[in-house]
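Trainee: Protein sequence lines correspond, in order, to chains A and B. FYI, my numbering numbers position 3 of the first sequence as 3, with every residue one higher than the one before it. FYI, my numbering numbers position 30 of the second sequence as 1030, with every residue one higher than the one before it.
Don't take each hint at face value.
No farther apart than 20 Å at their CA atoms in a straight line, the calculated lysine to aspartate or glutamate pairs in the EDC-like style are these [stated by the list, open to error]:
1. B/Lys1132 / B/Asp1112
2. B/Lys1522 / B/Asp1210
3. B/Lys1527 / B/Glu1571
4. B/Lys1483 / B/Glu1564
5. A/Lys35 / B/Asp1056
6. A/Lys35 / B/Glu1083
7. B/Lys1296 / B/Asp1274
8. B/Lys1422 / B/Glu1394
9. B/Lys1452 / B/Glu1439
10. A/Lys35 / B/Asp1072
11. A/Lys220 / B/Asp1149
12. B/Lys1237 / B/Glu1223
13. A/Lys220 / B/Asp1112
14. B/Lys1132 / B/Asp1056
15. B/Lys1524 / B/Glu1439
Chain A is faced by these chain B residues, among others (derived, beta-carbon under 8 Å) [stated by the list, open to error]:
16. Ile1036
17. Asp1056
18. Pro1058
19. Leu1060
20. Ile1068
21. Asp1149
22. Glu1394
Hints listed in this document are in silico derivations from the structure and should not be mistaken for laboratory results. Even for Gly, the Cβ is constructed at its ideal location relative to N, Cα and C.
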Amino acid sequence: MRWLRFREGPAVAGLVLLAAALLAGCGAPRYTYVKNSADHMYVKIPASWHSIDQKDLDNAIGLDPAEDASSRGLWLQGYDAADTPSALHLFGSSAPEPAVLVSVQQVPQASRGGLSLDGLRDFFFPVSPTARQNNQNPQLTGFGLLADDVLTPGDGVRGVHTVFRYRLGGGPPQMMDQTGYLNDDASKVYLLLVRCSTTCYKDRHGEIENVVSSFTIREKP
Amino acid sequence: MTAPVAHPPEGLSAPDEPPHAPPPPTRPSMPFWNRIRLLLLFAVAWLILVWAAMADNPLLPFVDSVRIQLHDSQWLIWLAGLELLRQVHYLIEERSPRYHRFWSQTVFGGVDRAARRRMSDWTRFRLARMIKVVLLVALFAVVAAKALDTSPVLALFQAPALFYRALPLILQISFGFFFIAFQFIGLFWLLSRGGVDTYYPDDIKTRFADVWGQDHVVERIRENIMYLEKPDEIEAKGGYVPGGILLWGPPGTGKTLMAEAVAGETGKPYVFVDPGAFINMFFGVGILKVKSLFRKLRKLALRYGGVIVFFDEADSLGNRGSLAQVGPGGPTGRGMTPFNTSCHGAAYLAEDTRWMLARSAMQDGYGDAFIAGAGMNGGGGGGGMGTLQALLTELSGLKKPRGLVNRWGRRALGMRPKPPPKYRILVMMATNMPEALDEALLRPGRIDRIYKVGYPSKAGRIRTYEGYFDKVPHEITPEQLDKLATITPYATGATIKDLVNEALITAIRDGRDTITWPDVVKAKQLKELGPPEDVEYIERERHAVAVHEACHAIVAYRTRQHMEIDLATIEKGSDYLGMVASIPPEDQFTRWRSEFESDILVSLASLAGERMFFDGDSSSGVSGDLESATQVASFMEGFWGMGSTVSSYSTAQRLQVGSPGGAGRREGEKPEAMLRRALADRIEDKLGDLLVRAESLLAENRAQVLALAHALEIHRTLTGDDVEAVIEGREGETVDGSAYRDAEFAARLEDYHAAAVGAHRGHSRMPISLPPGRSTVDGSAEGTAAATA
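Isolated chain A, as found in the complex (with noise of 0.2 Å):
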């Protein structure tokens, strides 16, 4: 062939791996890849699960909605396996499938000292015993300790993995799986947090196993 000479072949070969590659992208990833540039985060997620609306969680927490995610020092995005994504499968009294919360915030230079691994127990739900002693609210009831995780990932990064029981508000219990990590000078905590009804978090247990051991910090870009 006059238009294909021996010197084009390194072309001719890298076009048709281009298109090999082109031709095994073809269909959708397997995963949502969730990350925070700035702060380093990384978590994946199936990509059958759907991302709950910023607005919609934003109040579920209450959070000011004229300030943004960098002036409010809080970034955090909702994922939802349920057909219809809701807020409320975080933070109501019941989540039939699994439903996941992944945090940044930023420490106010004040309270970085007083930080601990309780702290990032304690952060959504009380963990530790003392916290418990010291729970006042009535909503929560029916703990179980399932498994307690000290982290060290390196670069002066230390976290805890918890995986515990709770009865909200009366309803099914609920499975915990809650991720949190602080960084080496304790300016940023990183939490992710999965949760679903026990029956679920049996049934589903491999997915959520996979979302949480991909969730990732890199204190070093």
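Assemble chain B onto chain A, guided by the hints.
Mentor: Below, chain B alone, put in the same frame as chain A:
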């Protein structure tokens, strides 16, 4: 088989030229690389985005990154698709003339024509190039923005920052390279300094008025300087300032002095280049030197409106060997260089012939001494190693536009760079070996004017003598000065200065403060003959030498009208037994057959005389005489058309056509005579004829020969005037020649001669002593002569 169709060359036509061929029926085929390069660019950009996403997220695998970017960066895919469509469109255009015609004429024809009307091909090319650059930058910005998670504009500004961050690494990598390179760069830079001095106006006090005896050359140089100072006078009329002068001539004639005067008179900076400046130790240093020299010259030329650069001893630049083969034929006449006035110039010859003559004259015209060295010089002795070539290029090569903004800025904006400014650099070179210069160096445009700085004319010599004598106390009258200038025909500024100094030394040695005429004569003899060896001849040998020299003098006096006898001596010098020196009484530039013949007669007189006076015996002292006689006879016969043939032997030899054998066979000519027609035989015949003539001349003047020999034996050295006085039998400056008119005295001289011949035969002592002579000055000469006798 059909003849190959001549495809019109692709690409742009030259500026301001119409398109050279009718448009082809189909689109010209595109190289494969051109087909895929944009696709590749988009692919690469897209892959960079894929990679950037992966780099930004440690969890992201390649396949998912690809999938995500297929969605997120699909604009690139669309662009690639469009490009693919375009390429398919082009491919069809290359195959189908109709399709091509439809698109190129019906669809885009109007736009194309409008564009052509408004813009030249080059402008369109530049515009297209600029648009391409802008699009490339835009693509880079967008891709970088994606990768850096900012806006494209910010990404463009961040790019230098990224580069800056990577700089330490880049520096580390390049350090190894630069570490070595800098050593060489530094070394070369250091080595390429020096050898060049810059003088500014008024640094040098020499003026043109200090250059004596070379008025015609000075006048010309003045003219050059004038044009350099006022370039408008010639440039306004469409000419250009002559850029180069070569001064050549024998050593000591004032070339460097002239250059110095130029430096003193000009209002421009003057750069003096040492002869040794381009001798380099490392390959390439010479080139660097030339380049830095000319960079400096251009800078000076721009700042001061002109600059003069002087290369002293320009032959040190070397040459690259000769183009044409030069045959073994001898010089075509001494000093017949193209710039000489030897004949009537070569103006009546065709340009080609003149060039050929000039070449061969350049090669072998100047002197035998040089030819021996020419082989070494040829092939790049001297500066060598590209230095000469660099110089040639700098003298007249492409002139680059100046300045970064001009060269890159204007070009980037699609404008032609401004032409380089006029650098007015006057190159002056001086050499005494013009044939050692490279031919290309001497062509107009590099060296426009070639001036011979020859021996000064008589007026020039007088002026020079006056100049130097005015600096010392002397009693030389103008008439004596005139005579001095006459009897020193080849005096140069340097020798004149030396002669005056020697005369002063002679005067001081005698305890006097002022130079007198005898001091000058003594100094001249010392300079010309060297110090005498103070050897005493035995009597019979003294007589033989005196007779030998007297024969020369008599024949010279009788036959040679174009020369005057300057002095005759029998005092033994370092390389001669005695001599008769002649000088031309006036400046003369042509030589004639009669003169050459009398030259030969004078040379042969010694042999003829020895044979005649010593009964057929002769000495080896004639070897030098025969050498010059043979040489002149050879030139006459073979080169100057003064023999029986016309053609030039050197040309015949070079072209290998053989030499002619005289005129055709004459009536009744013997075969032996015909055989004697080879050049050597003709020369021998000619010398034989002239020897016979010399003999008859001497036979006629036998008494005068013996008289002059006697005067020489008594006085040892005679001035030209004394020689004439003896021959004419009158009273001279120091010798009274009237005594020799006495017949009885002549008879005594004959007796003395007969005794000398007898002693010569028997190698015995002389039976009688030298008859005493008479002097006009005092009797001391006789006294000493008698004493030795």
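Trainee: Please go over all the hints and tell whether each is borne out by the structure.
Mentor: Checked hints:
| no. | hint | in the structure |
| --- | --- | --- |
| 1 | B/Lys1132 / B/Asp1112 | holds (18 Å) |
| 2 | B/Lys1522 / B/Asp1210 | violated (27 Å) |
| 3 | B/Lys1527 / B/Glu1571 | holds (15 Å) |
| 4 | B/Lys1483 / B/Glu1564 | holds (12 Å) |
| 5 | A/Lys35 / B/Asp1056 | holds (9 Å) |
| 6 | A/Lys35 / B/Glu1083 | violated (34 Å) |
| 7 | B/Lys1296 / B/Asp1274 | holds (15 Å) |
| 8 | B/Lys1422 / B/Glu1394 | holds (14 Å) |
| 9 | B/Lys1452 / B/Glu1439 | holds (17 Å) |
| 10 | A/Lys35 / B/Asp1072 | holds (16 Å) |
| 11 | A/Lys220 / B/Asp1149 | holds (18 Å) |
| 12 | B/Lys1237 / B/Glu1223 | holds (16 Å) |
| 13 | A/Lys220 / B/Asp1112 | violated (56 Å) |
| 14 | B/Lys1132 / B/Asp1056 | violated (30 Å) |
| 15 | B/Lys1524 / B/Glu1439 | violated (39 Å) |
| 16 | Ile1036 | holds (6 Å) |
| 17 | Asp1056 | holds (6 Å) |
| 18 | Pro1058 | holds (6 Å) |
| 19 | Leu1060 | holds (5 Å) |
| 20 | Ile1068 | holds (6 Å) |
| 21 | Asp1149 | holds (6 Å) |
| 22 | Glu1394 | violated (41 Å) |
Hint compliance for this structure: hints 2, 6, 13, 14, 15, 22 are not met, and every other hint is.
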